[in-house]
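Enquirer: Protein chains in written order, with my numbering: chain A, 14 to 126; chain B, -7 to 106.
Each hint should be verified, as a subset may be incorrect.
To be verified - Now the in silico label distances, taken between C-beta atoms and shown as ranges:
hint, chain 1, residue 1, chain 2, residue 2, range
1, B, Arg7, A, Ala80, 46 to 54 Å
2, A, Glu28, B, Thr5, 41 to 49 Å
3, B, His2, A, Asn78, 35 to 43 Å
4, A, Tyr64, B, Gly32, 43 to 51 Å
5, A, Gly22, B, Pro62, 36 to 44 Å
Just so you know, the hints here were simulated from the structure itself, not pulled from any lab data.
Quick caveat: nothing in here was measured; it's all calculated off a predicted structure.
No residue lacks a Cβ here, since even glycine has one placed at the ideal position from N, Cα and C.
For reference, the chains in residue letters:
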Amino acid sequence: RKEVEQDPGPFNVPEGATVAFNCTYSNSASQSFFWYRQDCRKEPKLLMSVYSSGNEDGRFTAQLNRASQYISLLIRDSKLSDSATYLCVVKGYYGGSQGNLIFGKGTKLSVKP
Amino acid sequence: DTGVSQDPRHKITKRGQNVTFRCDPISEHNRLYWYRQTLGQGPEFLTYFQNEAQLEKSRLLSDRFSAERPKGSFSTLEIQRTEQGDSAMYLCASSQGGSQETQYFGPGTRLLVL
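From just these sequences and the hints, can you work out the full model?
Expert: This is how it looks when you write it as structure tokens:
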């Protein structure tokens, strides 16, 4: 089983749509959680950290369910500029790893006019 | 620009040649990470440094790979006797550490081994 699994995608949505991405992680000792965004042929960039209480940043809402080992990202009123690959990322202190990030494969989002 | 920089941005080499990549982290960051990303996959961890000490190496890092961070600032990643399977984007990231650290990525070095 992969350590971080995401919806396979791609997601093709019209402008203004609401889209949700889901992610599960296998190691219950994982400590920190993030969503990164990666544009085509560019480096990943932090979109937002994910906190246990859930958090919101403008049109983006992230949720964490530690019991189910499940992370989600909701994008409301999607824009053309939201088109990118969204990477679910987990960091944990286990197996000797003290901070490396574990990435999912990413889910590609394409927002159409 | 005070972000993470990597050099070169692209490298084409023939199988069997050695290549070296450089990463300059954000200046006050004491942690430096190397990742590799192939098409359709998320980045995979290779190794990381706390200052000049290499603290962790992934099983992906075969003995043909070596990384250094001699003065705790820039880092180099060398691949000896390159193979076609080494073709990938090599990403460097830096951070200040801590439980909620944010890792900032450089633009990557795209390697193609012919």
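Enquirer: Work down the list of hints and note, for each, if the structure agrees.
Expert: The hints, checked one at a time:
In this structure the hint that B/Arg7 and A/Ala80 lie 46 to 54 Å apart at CB holds, the actual value being about 49 Å. Here the CB-CB span from A/Glu28 to B/Thr5 is close to 43 Å, well matched to the stated 41 to 49 Å. Checking the proposed 35 to 43 Å range against B/His2 and A/Asn78 shows it holds: the Cβ atoms sit about 41 Å from each other. Take A/Tyr64 and B/Gly32: their Cβ atoms lie about 30 Å apart, and the range 43 to 51 Å is violated.
Between A/Gly22 and B/Pro62 the Cβ separation comes to about 41 Å, which falls inside the hinted range of 36 to 44 Å.
In this structure, the one hint that does not hold is number 4.
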